[in-house]
Each structure stands twice: as structure tokens, then as C-alpha cells.
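Participant: Residue strings, one per chain:
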Amino acid sequence: MRVTRLLATAMKSILRNRMRSLLTMLGIIIGVASVIDMVAVGKGAQVQIEDQISAMGSNMVMIWPGAASSRGRQMGAGSRQTLKLDDAEKLQRECPLVTAASAISRTSGQVISSSGNWQTTVYGVSPSYLTIREWELQSGVSFTERDIRASAKKAILGKAVSEELFGDQDPIGAKIRIRNVPFTVIGLLKSKGNSSAGQNQDDIILAPVTTVMNRLSGSRWVNQIVVSVTDMNLMDEAQNQIESVLRQSHRIPLHEENDFRIMNQTEMMDRATQMTGVMTLLLGAIAGVSLVVGGIGIMNIMLVSVTERTREIGIRMAIGARGSDILMQFLVESVVLSVMGGVIGIAVAWSLAWAADSFLGLRTEIVPSTIALAFIFSAAVGVFFGFYPARKASMLDPIDALRYE
Amino acid sequence: MIVGIKNLTKTYTMGDVSVKALRGINLSVDEGEFVAIMGASGSGKSTLMNIIGCLDRPTGGTYTLLSHNAGILNRKELASIRNSHIGFVFQSFNLIPRTTALENVELPVHYRHGIPSVKARKLARESLERVGLGERIHHVPNQLSGGQQQRVAIARALVNDPAILLADEPTGALDSHTSVEVMALFQELNAQGKTVIVVTHEPDIARYTKRIIRMRDGTIISDQKVDTPRSALKDLAVLKQEII
Ligand SMILES: Nc1ncnc2c1ncn2[C@@H]1O[C@H](COP(=O)(O)OP(=O)(O)OP(=O)(O)O)[C@@H](O)[C@H]1O
Ligand SMILES: [Mg+2]
Numbered sequence: 001m002r003v004t005r006l007l008a009t010a011m012k013s014i015l016r017n018r019m020r021s022l023l024t025m026l027g028i029i030i031g032v033a034s035v036i037d038m039v040a041v042g043k044g045a046q047v048q049i050e051d052q053i054s055a056m057g058s059n060m061v062m063i064w065p066g067a068a069s070s071r072g073r074q075m076g077a078g079s080r081q082t083l084k085l086d087d088a089e090k091l092q093r094e095c096p097l098v099t100a101a102s103a104i105s106r107t108s109g110q111v112i113s114s115s116g117n118w119q120t121t122v123y124g125v126s127p128s129y130l131t132i133r134e135w136e137l138q139s140g141v142s143f144t145e146r147d148i149r150a151s152a153k154k155a156i157l158g159k160a161v162s163e164e165l166f167g168d169q170d171p172i173g174a175k176i177r178i179r180n181v182p183f184t185v186i187g188l189l190k191s192k193g194n195s196s197a198g199q200n201q202d203d204i205i206l207a208p209v210t211t212v213m214n215r216l217s218g219s220r221w222v223n224q225i226v227v228s229v230t231d232m233n234l235m236d237e238a239q240n241q242i243e244s245v246l247r248q249s250h251r252i253p254l255h256e257e258n259d260f261r262i263m264n265q266t267e268m269m270d271r272a273t274q275m276t277g278v279m280t281l282l283l284g285a286i287a288g289v290s291l292v293v294g295g296i297g298i299m300n301i302m303l304v305s306v307t308e309r310t311r312e313i314g315i316r317m318a319i320g321a322r323g324s325d326i327l328m329q330f331l332v333e334s335v336v337l338s339v340m341g342g343v344i345g346i347a348v349a350w351s352l353a354w355a356a357d358s359f360l361g362l363r364t365e366i367v368p369s370t371i372a373l374a375f376i377f378s379a380a381v382g383v384f385f386g387f388y389p390a391r392k393a394s395m396l397d398p399i400d401a402l403r404y405e
Numbered sequence: 001m002i003v004g005i006k007n008l009t010k011t012y013t014m015g016d017v018s019v020k021a022l023r024g025i026n027l028s029v030d031e032g033e034f035v036a037i038m039g040a041s042g043s044g045k046s047t048l049m050n051i052i053g054c055l056d057r058p059t060g061g062t063y064t065l066l067s068h069n070a071g072i073l074n075r076k077e078l079a080s081i082r083n084s085h086i087g088f089v090f091q092s093f094n095l096i097p098r099t100t101a102l103e104n105v106e107l108p109v110h111y112r113h114g115i116p117s118v119k120a121r122k123l124a125r126e127s128l129e130r131v132g133l134g135e136r137i138h139h140v141p142n143q144l145s146g147g148q149q150q151r152v153a154i155a156r157a158l159v160n161d162p163a164i165l166l167a168d169e170p171t172g173a174l175d176s177h178t179s180v181e182v183m184a185l186f187q188e189l190n191a192q193g194k195t196v197i198v199v200t201h202e203p204d205i206a207r208y209t210k211r212i213i214r215m216r217d218g219t220i221i222s223d224q225k226v227d228t229p230r231s232a233l234k235d236l237a238v239l240k241q242e243i244i
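Sequence order for the protein chains is C and U. Here the first sequence stands for residues 1 to 405, where the numbers follow the working numbering. Here the second sequence stands for residues 1 to 244, where the numbers follow the working numbering.
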């Protein structure tokens, strides 16, 4: 029998039992839609993290205190206090490939202005920090090396903080108190927009690192050092320079491990991709199980269908249908059923991802290859789970089938 | 010779009970014959027809159809013989439900290989016209009368131009007038050269054939030529007059 005829026969039989066909397809629809959407959610998270990392400024290297355990056991950043303000200065002075370095000392606290108050994070940094991160000021000025030396009580506000404290008013020149220490606002950062999972990147105050250490946190140690290097292509060499300078500064003996961790943007990206990749795979696999369950539903219905149509099979055999003709008839029917489910599932996945994106703000990224994969997989499910019932039909004895009531 | 049967036996075994449905049948049917097989219920008529129609296999003996030794053919070969050389008509019509007359008649053509859809449709129409069902071809079986359904079934049996037409009690589910109409159709087909074998209980029906074979307990007890078969067409004309 010709393929077109087989398809027509299959469609006719599917349309004859609309409700049943739809319910059978539902398993495949849910399976395909969840595979595509789960992977889309995972991929969305990955893209978001990557965006964030690349928004950190190019050519950037980050240094955290604590050993970079190669045995996978890592201490959280800052769990050991090994980085000093000095280290940042040394890196800038002694590494030829380092263009700028800034220590970061982080603390959080209540901020009060004449018209409002707000809880935020204060970053103690050096003037070069803005250059390294490629952040720009919307108004006002940045602080200077002199402010660092003097532990000047000057602050640059993030857009969100400014809005909380001053509303629409220009904050430049205004007085604020951070943890009861008076500061003068000298600059306002350009908005970087809302980013990762609801975290507002504009909810930040920058102040001279010395001021934060001496007057707010009272710590001798810094949380992190960020460095920019001259050339992306010299990243490895730059990292080597940084490592040797810091080892020297920390007086680490030859065979001992670093007491700090260095990571550049590419490595962070790799790590994030690896992590989200595992998550995506896991989500996709879980969703894949539902596709298999959908296949079992198809097998069940095809078995019922073969039993119901035993007499029809007998008639077809009596007029000359061969076993292979009957096999193809039922196989095509189950494949058409599952492929239709697959196509509907793709449409459902698409609309759900779109809805999640536009109404829930959940970033989703539909991966074209998963669509192809889900489609092929659903067709394969149709073949795999349709084969047994179809074979059963093709093996019927014509006489027995004709006598079947 | 189209059908050649020698010492044919068929035994059904169900558990430890075995039924000897056919016990040594010898029969030959030549081209252009019109044969009736008669006998009491359970005498083995349908069993014999199914074997002749290659739907079933004998337990013993030999069966030659055209030049094929049907006893040694596999399922696939039997299927293609059924498709091209045999037209089967059943008592219960056996049309595929919810499928139009035309599509039912097309079906055997589709199972033949390499025939385009347009050709299949054309052959099906011709076959339906041949049995006198030019219109109503787009009706599904349950929109047709029993006589019309049986005509569709005959059209389907004829569509691949088989060597032999087998009908197992084709008039069993029809009233007497319609039965005569169907027999008139068989007579017409036979007059055109088609070999026809009909199983029937009714002597009235058997009288329209040219040769009557009687069976009992799985054997043939008589095989007679009918000297002057009745003409179904003439009977129909008489019946018509009676109604007027
Ligand atoms: N599939 C089967 N399994 C077991 N026994 C069978 C089977 N088919 C037929 N028989 C037996 O074989 C014998 C012949 O049956 P068959 O159907 O050929 O009779 P028949 O002459 O066609 O009868 P009827 O006029 O009632 O149709 C019967 O005794 C029947 O019970
Ligand atoms: Mg019978």
C-alpha cells in the first residue's frame, strides 16, 4: 500500500475517535512540551548568568581569599581572610599586564537621608573600580586617590538607592548617614537595570575602600580584589603574574597551595555553563520520562484499537492484505498519533515559554535542537510503542479474525 | 483446470478433541464453471471454501490453484494469491464499516502493488457499475440495503479480475427476491466467463448453477451436472409481473 494511502487511512481512524485520540496524544503533548520548556528554562538561566558575567566588564580577573581546592572542596569566598588592601596596590605596581586593580570591602547597613532611609550594600573600592567594571556616572564625580588616603567620607549612589533616599531629586552634594557615619554624596551611577533573578544591580553604594574598612566594617581584610588586564589574549600570563606577586606578598612556601583563588571571566562563564548544563540535562531527563509514559498510553490505545478492529483486519486479509500491510497500517497510525502529539506539544511549549517570559518574567530560551529532538523522539515513541500492537495485528489468522465478534 | 483437489483433509484440534471437518475430498473445477456446493450444516462446506479461497490451509492432501501448489505457500504468498486470483463473497457481506462503497471496492486494488490511486478509483467505479451500483457509491455500508451491500461486496471481489469467484451463502441474509437478483448477477458474470462457486442450503438457489456438489460429514456424496439451469433473469421478470 502506498504511503499516502496509509496516511489517509490512519488520519481517518484517528479522526473517527477524536476524543480518544486527543486523550492519547495528551501524554505525548505533555511530554514534548515539558522537555522543550524544561530545557528552555535551564537554558534561560544559563543565558542570564552569562549575560551577567559578561556585563561585569571585559578583561577582568577576580581574586578571592581562600584556597582554590583542586579536590573540589571549596570554602566560601571570604571564609578565610588573606587579602589585604596592600595586595591590590602591589598588583597594580608590580604586574606589567595589570592596568588597574581595586580591592573590595563589602558591608551592609542602614542608610539615612533627610527624606528617607534604606538598607543596602556598601562597596568600599578604589577609584579605578569604575574603570574596571566599565561603569559610568550619570552625574557628579568619582572619588580620587587622595580621598583613599584620607579615608574621605564620600559616597557614590546607585540609581535605586538614590530613588529610595531622595526620590526624583538630585542627590549630589546631599548629606547621608551610613550606619550613623556622615557621608557626602558626590556621584550618581548610571542605571544598569534590573538583572538576575530580581537582584537589583542599582541597589548599591560605592565609597572609598579605606573609609569602609576604617569607619564602617573595622576589618583589616578585604573581601575581593578585581583587576583588569591589558589584553584578553594575555590572560594566562597576567594570571601567572598575579599569582606570583600574591604568593610573594603572602610569603607562601614553594610547595604550598595558594591562599587565594583567581578566576577570569571565561572561567566563570565555563563554570556557570557547566552548572546550568547539568541542571538543564536533569530537567530534560525528568521531562523525557513523561514522554515515555505518553508512549505507553499510545501502546495501550493501539492494543485496544487492534482488538476492536479484529474483524476489519480479517476482511482486509481476505481481500489480499499481507501481514506487512496490516503492520504498516497500525504502525503508521501510531506514528501519526504521536507525531501529531509532538507538533501540538511544540506549539504548547512555545506558548507556555512565551507566557512565562512575558507574564512571569521568567527567562526562557527555547533551544531549536530540542524541538527537533522532541519531534524525532515523539516519532520514535510512536514506532517503538506502536510496533507491538501492529505486529500483533499482522500475525492474526485471517479465518480467526473474520470469525471474531 | 482452475481448482484441483486431491484427498484433501482438514482436522481441527481443540485441546484433546479433534474434529474432522473434511475427510478426503477430490474435486476439480474448470474455467467457466458455475458450481453449487450443498449440504447440511456442519458438513464442511465453509471449511472447503476457505481452503479453496486460500484463507485456510488443508491438514492433508493437495490443493492446486491455477498452477500454484497452495499447500506449500507461506502467508505472504497466500495473501497475494487471495488478492489477485480470488474474489470472496460472504454471507454477512463483510464490508468495512464507516467506509464508503467506493473505498471498500478500491481496497483490493490498493493492496496490489504499484497501482496509482486514480487508476484504483477508476477500476472501483467500473466494478460497481458492472454489478449495477453506479450511484450510491459514496454511501457507507449501513446506509445501504442488504442486497446493495452484497452487490458492493461482489464488486469488491471482482475489482482485481480474479480467476475465480467464491461465495459462501451469499444469499443467506437476503430475501428471496434479492437472492434471485444476486443469482442473476452471478449468472451474468459466469456468462462472461467467470468461474463461480457458491455454497448454499437452498435448492432453489442451486438450480441457477450448472453443477451441484453435495457434501455430508466432510465428504462429497454426489456431483451432478445440471442439464438446464434456470434463468434468474426470467424468474425476475415473472416476479415483476406478479407484483404488477
Ligand atoms: N475453527 C474451527 N475450530 C473447530 N472446529 C471447527 C472450526 N471451524 C469449523 N469447525 C467444525 O468443522 C465442521 C465443518 O464446519 P463448516 O463451517 O465447514 O460447516 P458448514 O458446512 O459450512 O456449515 P454451515 O452450513 O452451518 O455453515 C463443523 O463440525 C464445525 O464445528
Ligand atoms: Mg458454512
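Keep in mind the hints are simulated off the structure, nothing from the lab. Don't be surprised by glycine CBs; every beta carbon is placed ideally from N, CA and C. Among the hints, a few may not be true.
[Stated by the list, open to error] Simulated coverage check for chain U against chain C, where a stretch passes if three residues somewhere in it have a Cβ under 8 Å from a Cβ of chain C:
id, segment
1, 44-58
2, 70-82
3, 86-96
4, 130-140
[Claimed, not checked] Label-pair restraints from in silico Cβ distances:
id, chain 1, residue 1, chain 2, residue 2, range
5, C, Tyr388, U, Ile243, 55 to 63 Å
6, C, Asn17, U, Arg230, 25 to 33 Å
7, C, Asn17, U, Pro116, 47 to 55 Å
8, C, Ile296, U, Ser67, 14 to 22 Å
Participant: Which constraints among the numbered hints does this structure fail? Numbers only, ascending.
Facilitator: 4, 6, 7 and 8
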